[in-house]
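Chain B: place on chain H using the hints.
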Amino acid sequence: MIIGLYNYWVVVVLMMIGFYIVIAHGNLIKKIVGLSIFQTSVFIFYISMAKVDGGTAPILAQGIEQYSNPLPHVLILTAIVVGIATTALGLALAVRIKEAYGSVEEEEIQNKDNQDC
Amino acid sequence: MLLGIYSLLSASFFVAMDAVDVAFTEAAVGAGISTLLMLVAITMTGRSEHPTRHKPLLALAVVIVTGSLLIYGTLDMPYFGSAEAPIHQHVAPRYINDSMQEIGVPNIVTSVLASYRAFDTFGEVVVIFTAGMGVLALLSVVRHSEDNAKIDSINQSMHEQHLILRIVSKMMIPFILLFAFYVQFHGDFGPGGGFQAGVIFAAAILLYAMLFGMSTARRVINQTLIRILAATGVLLYGSVGVVSLLNGKEFFDYSALSADPVAGQHLGILLIELGVGITVASVMVIIFFNFADRRDYSQSKESEDL
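From first to last, the protein sequence lines stand for chains H and B.
Number 10 in my numbering belongs to position 10 of the first sequence; there are no gaps in the numbering.
Number 80 in my numbering belongs to position 80 of the second sequence; there are no gaps in the numbering.
One or more hints might be untrue.
Said to hold, decoys possible - Computed cross-link-like contacts, BS3-like style, restricted to lysine-lysine with a CA-CA straight-line distance of at most 27 Å: (1) H:31 to H:98; (2) H:112 to H:51; (3) B:301 to H:112; (4) H:98 to H:112; (5) H:98 to B:301; (6) H:112 to H:31.
As the list claims (entries may be wrong) - Label-pair restraints from in silico Cβ distances: (7) B:97 to H:3: 31 to 37 Å; (8) H:96 to B:245: 37 to 43 Å; (9) H:96 to B:56: 25 to 31 Å; (10) H:42 to B:231: 28 to 34 Å; (11) H:13 to B:243: 45 to 51 Å; (12) H:96 to B:165: 55 to 61 Å; (13) H:13 to B:120: 42 to 48 Å; (14) B:173 to H:99: 32 to 38 Å; (15) B:93 to H:3: 25 to 31 Å.
Worth flagging that the hints you see were computed from the coordinates, not collected in a lab.
Don't be surprised by glycine CBs; every beta carbon is placed ideally from N, CA and C.
Just chain B, with the same shape it has in the complex:
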């Protein structure tokens, strides 16, 4: 809970620092998914901590020494907000001055993310995909039908309540999904893009799953389909790069996609953001569903033991 407030605070800090795209991501991730994930994990691993610490004084001493060394190191750093800082001298002016002619997209963050540094972003998407697969490998359970019936009855009794919450959220979910699509396709012009849209889309699905129970949500969202979609997003991203290779340009050089280089850039960015959005949304859903399944599974095992 405190972590959720913490990430909302850092999101507003990012707005103050002019990083609207980053703030958007942090708000979407922190307010919904990371808090929920933490809570599920805590219910599964036990609420209270063992009171013993490993030599807190020694740890404190290490932390203080490291901290003072780091602060001593900052004395040579450029001042906050200074326009002469080295970071602003090298590639940033090129992005700010030339990206409109080269890419034709007003949001510089999107053009750097999806075009200048497309290879980097590809790596990030693969990391997200791999993490999703890791969670799948660690937590996935084979479901048996008799378990299913038991869990269904637990869910049914739990979700008979909270009627007002359910009806209000039911009305809101379509708008959240619509907003996710807006963020996805408007990322060229305003803050937004595949990463944010994917997280918002996943948040809508998680809201549905929380209010109507896992078994209902599992009926709506096919797990196999979600897994295939997660891979499709990465493949879509990679294949855009391969297409530009086949057309005789460099990997992720979108000007190969169309006769007009700027139109090619637009098409490339659109496809890549779509790939990112699909992968991020499905990986988030996979992670959440696997955590929830695992919790149901261990609960039903415990009740059998008793």
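Looking at chain H on its own, in the form it has when it is part of the complex:
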């Protein structure tokens, strides 16, 4: 059954949406939004791989045999918090660029740079 692979397709679609935003938009803030959508698709990829049919959350309890895989959960849990911290760093850079150039559009920034040369 090829339909059993649908989780990967959702991930690919999300990832491509993020990728498109990153390459097609000149606005730096939108690029960061695109990157964070891209990032979520990777989170979903890991978490959906960890799922086991009939399994439950990986907290040990009596009478439960089947658990989902805890390792991807650990990796993604830390990745989410790291992701927000690095997104904040990216936004901070965008803010400084706005102050220095008066714009966050890629083209305008490049034009200004060329004029200065």
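Frame of chain H; chain B shown alone:
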């Protein structure tokens, strides 16, 4: 705003996928902090985008080709939910079967996070700390007293309003803080831990700052203290590893902390989660305060120019 809904949706998706710990983190981060941060950044950089795109058709073509290649690649992947997938064959059975004897903590995610992969998590905490320092370096402003007075008057006029919102939130903030502590120290037994608790704690402080104005919040929360705390969390984490080294075991081998290995693991996990929580909470507060300060600063500069 849409991003906030998006992360709430992905949080509920993670619950459906049995990843309660991850869902917890995503809900705490996405619902509060990331949306707020995005909004502050957008107010600072301008609301509207330039309509020109860089060759949208070419970009679309690249995206479609990459996407179809990736989908072609998935054809060899194991089916969704299959218990025979390679990912479930290697280290996961060890974690599921032996972690109760070795660590003595029911929540496997916590024992993997804080004990089996403690070194990894240490790296993540250092990355968070570094990002916080980066934001501090990029955005911090030196405040002058005359600026302060001006900003205070703006804040005062803004925060006279929304009385109901302020009183209700004032009652809720202690419970949010209490909940953060519960999440922090109950992480061994249920979903939770340092990362989630740190974010929830920071969210409570941000709520306070939003409703009562930055100048009030700055009086309550000492910026220097917060910076020292951010470093203290990382140092606490690292020193636990150093203590186990000094006791003749490997880095982050908590069985060195106590005569009984399982009790040592408990102590180690508790200390490490505390370090993580302190660092995450203070870095989030540092990031937010610096963004807000920068916005006040550029606004007051603009009004001077006019």
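Identify every previously stated hint that the structure contradicts and give their numbers, smallest first. 2, 12 and 13
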